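Asker: Chains S and Z are the protein sequences, given in the same order. As numbered in my numbering, residues 1 to 218 make up the first sequence, in order. As numbered in my numbering, residues 1 to 266 make up the second sequence, in order.
Please note: incorrect hints may appear among the correct ones.
To list a few chain Z residues with every Cβ distance to chain S over 12 Å, as calculated [said to hold, decoys possible]: (1) 2; (2) 16; (3) 24; (4) 87; (5) 114; (6) 124; (7) 169; (8) 177; (9) 181; (10) 216; (11) 218; (12) 219; (13) 239.
Partial pick of chain S residues on the chain Z-facing surface, computed with a CB cut under 10 Å [to be verified]: (14) 50; (15) 53; (16) 57; (17) 58; (18) 65; (19) 112; (20) 117; (21) 125; (22) 126; (23) 128; (24) 133; (25) 136.
Just so you know, these hints were derived from the structure itself, not from any lab. These figures come from a predicted structure and were not determined experimentally. Even glycine gets a Cβ: it sits at the ideal position worked out from N, Cα and C.
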Amino acid sequence: MVPLLLTLKVACWATLFATAFGVLVAYAIARLRFPGRELLDAIMTLPMVMPPTVLGYYLLVLVGRRGPIGHWLETHFGISLVFTWQGAVIAAAVVAFPLVYKGARAAFEGVEHHYEQAARVLGKSEWGVFVRVTLPLAWRGILAGAMLAFARAMGEFGATLMVAGSLPGKTQTLSIAVYEAVQAGKDDVANFLVIVTSVVCITILVASGRMLQPRFAA
Amino acid sequence: MRIEVQIQKMLRSSGREFHLDVEFTCLDDVSVVFGASGSGKSATLRAIAGLDRPDSGRIVVDGRVLFDSARGIDVPARMRSVGYLFQDYALFPHLTVEDNVAFPVNPWWRRRPAREVAKRIRDLMDIFEIGSVAQSYPWQISGGQRQRVGLARTLIRKPAVLLLDEPFAALDPLLRIRMRQELLNTQWLFKVPMLAITHDPEDVSVLAETVVVLNQGRVEKTVDVKTAPYRDGDGRVNEGSIRELLMGIDKAGPPLLRRKTICAVK
Numbered sequence: 001m002v003p004l005l006l007t008l009k010v011a012c013w014a015t016l017f018a019t020a021f022g023v024l025v026a027y028a029i030a031r032l033r034f035p036g037r038e039l040l041d042a043i044m045t046l047p048m049v050m051p052p053t054v055l056g057y058y059l060l061v062l063v064g065r066r067g068p069i070g071h072w073l074e075t076h077f078g079i080s081l082v083f084t085w086q087g088a089v090i091a092a093a094v095v096a097f098p099l100v101y102k103g104a105r106a107a108f109e110g111v112e113h114h115y116e117q118a119a120r121v122l123g124k125s126e127w128g129v130f131v132r133v134t135l136p137l138a139w140r141g142i143l144a145g146a147m148l149a150f151a152r153a154m155g156e157f158g159a160t161l162m163v164a165g166s167l168p169g170k171t172q173t174l175s176i177a178v179y180e181a182v183q184a185g186k187d188d189v190a191n192f193l194v195i196v197t198s199v200v201c202i203t204i205l206v207a208s209g210r211m212l213q214p215r216f217a218a
Numbered sequence: 001m002r003i004e005v006q007i008q009k010m011l012r013s014s015g016r017e018f019h020l021d022v023e024f025t026c027l028d029d030v031s032v033v034f035g036a037s038g039s040g041k042s043a044t045l046r047a048i049a050g051l052d053r054p055d056s057g058r059i060v061v062d063g064r065v066l067f068d069s070a071r072g073i074d075v076p077a078r079m080r081s082v083g084y085l086f087q088d089y090a091l092f093p094h095l096t097v098e099d100n101v102a103f104p105v106n107p108w109w110r111r112r113p114a115r116e117v118a119k120r121i122r123d124l125m126d127i128f129e130i131g132s133v134a135q136s137y138p139w140q141i142s143g144g145q146r147q148r149v150g151l152a153r154t155l156i157r158k159p160a161v162l163l164l165d166e167p168f169a170a171l172d173p174l175l176r177i178r179m180r181q182e183l184l185n186t187q188w189l190f191k192v193p194m195l196a197i198t199h200d201p202e203d204v205s206v207l208a209e210t211v212v213v214l215n216q217g218r219v220e221k222t223v224d225v226k227t228a229p230y231r232d233g234d235g236r237v238n239e240g241s242i243r244e245l246l247m248g249i250d251k252a253g254p255p256l257l258r259r260k261t262i263c264a265v266k
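If we strip away everything but chain S, and leave its shape as in the complex, we get (with noise of 0.2 Å):
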């Protein structure tokens, strides 16, 4: 059960970074039109096609002890993001990223503009606008990425393994245990693992099928 509680902890955490960041960026791309945004939009989908391992090891050169990133936080904070769960979440979560952008980003296309404009000449703010009408006509489609996103976080393998490493009760979450109990011959914890991932997972993709389903009906 450890390697379960593990991955849905840092599969939590993963998806709410990734969704934050995912809403933001999405928002940006779908109104706002500036140079380098067809770029920006391959960047953040780059997560989705790359191998997992090759992300991974860009993360490594980032937030390594000698990275830009872990350098500057191991000696600002004395952390080290290798190696710990927090880095497997960091790897989770740009993992999972694409899957939330591209959803919320279809999801802000969708929403109609006169209902914006509308807010508009009624009196709301640009943020009011946003949080009383384009998040509240967006959020299903959000909410159907953000779903996907966990089920991609809880079976993360390649660049948390880079990033991460396997540690039993630290870092070692469902994907790898899953290898590990293989390459060991335990046949039966790896079936346990199987079944228990393969449940979540369906689970996951008809609760996000229904979130797609079309709600104004005319």
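Given the structure of chain S, go ahead and fit chain Z onto it with the hints provided.
Answerer: Just chain Z now, kept in the frame of chain S:
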């Protein structure tokens, strides 16, 4: 009440350029801008509301300068205190009728109306006879009710002027006749000046005191239709002369192809 509009804007859509250059002044309670689709009436209305920014010109409503390119004034839409009824009313689909009406007076952190404004909202809903559907969602109510919700929502902030974008186009013909009368009653009740755009001559004869005829981005004429020959001595509308006034613009449009011509081409 005085609305002065004098704006220029270059509009581009799918490779075609359209030059909007309109100038008119309305002094009456109900003014109607009449024109075919593509005559620039929507662009004009959106500019007054602050939804689109003209390239140059000046917009003054009731002595307040909303836009003046020469002086660098461009009041944001939310501070113009202008009501705008969208063609399909743009009621928020995620809010009930009551929450839609309360929307403009709610601060951003509230979805439900505060107790201080609840009575005002209830009274306004009663005036528009939508109290019975207060807890329904926009897609659950009829077209006429939807329009009333849209009107109640814009009037709760007591706008300086109410702009109406093709207010009856989304309604079926029978309902249209009734809602025109309702709109006049609303005008009388709330004393809010109105500026409507339409392509329906019937709207002009029932509603207008001043009519601005737009054609291909320009004002063809601005006519006061409160007096003869557009009204009889007892104030009844003389529909014939109104139609004559409006139909003049068709002469500038493309000529209709007759069957004979088509045969000749063959």
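Asker: Now tell me, hint by hint, if it's right for this structure.
Answerer: Hint check:
1. 2: holds, 21 Å
2. 16: holds, 21 Å
3. 24: holds, 21 Å
4. 87: violated, 9 Å
5. 114: holds, 14 Å
6. 124: holds, 14 Å
7. 169: holds, 15 Å
8. 177: holds, 24 Å
9. 181: holds, 25 Å
10. 216: Non-interface label on residue 216(Z) holds, nearest chain S Cβ at 25 Å vs cutoff 12 Å.
11. 218: The assertion about residue 218(Z) holds, with a minimum of 26 Å to chain S.
12. 219: Its Cβ never comes within 12 Å of chain S, the nearest being 24 Å, so this holds.
13. 239: Holds, because the least Cβ-Cβ distance between residue 239(Z) and chain S comes to about 33 Å, which exceeds 12 Å.
14. 50: violated, 37 Å
15. 53: Cβ of residue 53(S) sits 43 Å from chain Z, so the hint is violated.
16. 57: violated, 44 Å
17. 58: Residue 58(S) check fails; min Cβ-Cβ to chain Z is 39 Å, beyond 10 Å.
18. 65: Violated: closest Cβ of chain Z sits about 44 Å from residue 65(S), beyond 10 Å.
19. 112: Since the shortest Cβ distance to chain Z is 8 Å, the answer is holds.
20. 117: holds, 5 Å
21. 125: holds, 6 Å
22. 126: holds, 9 Å
23. 128: Given a least distance of 4 Å, the restraint on residue 128(S) holds.
24. 133: Holds - the Cβ of residue 133(S) comes within 10 Å of chain Z, reaching about 6 Å at its closest.
25. 136: holds, 5 Å
Checked against the numbered hints above, the structure breaks hints 4, 14, 15, 16, 17 and 18 and satisfies the rest.
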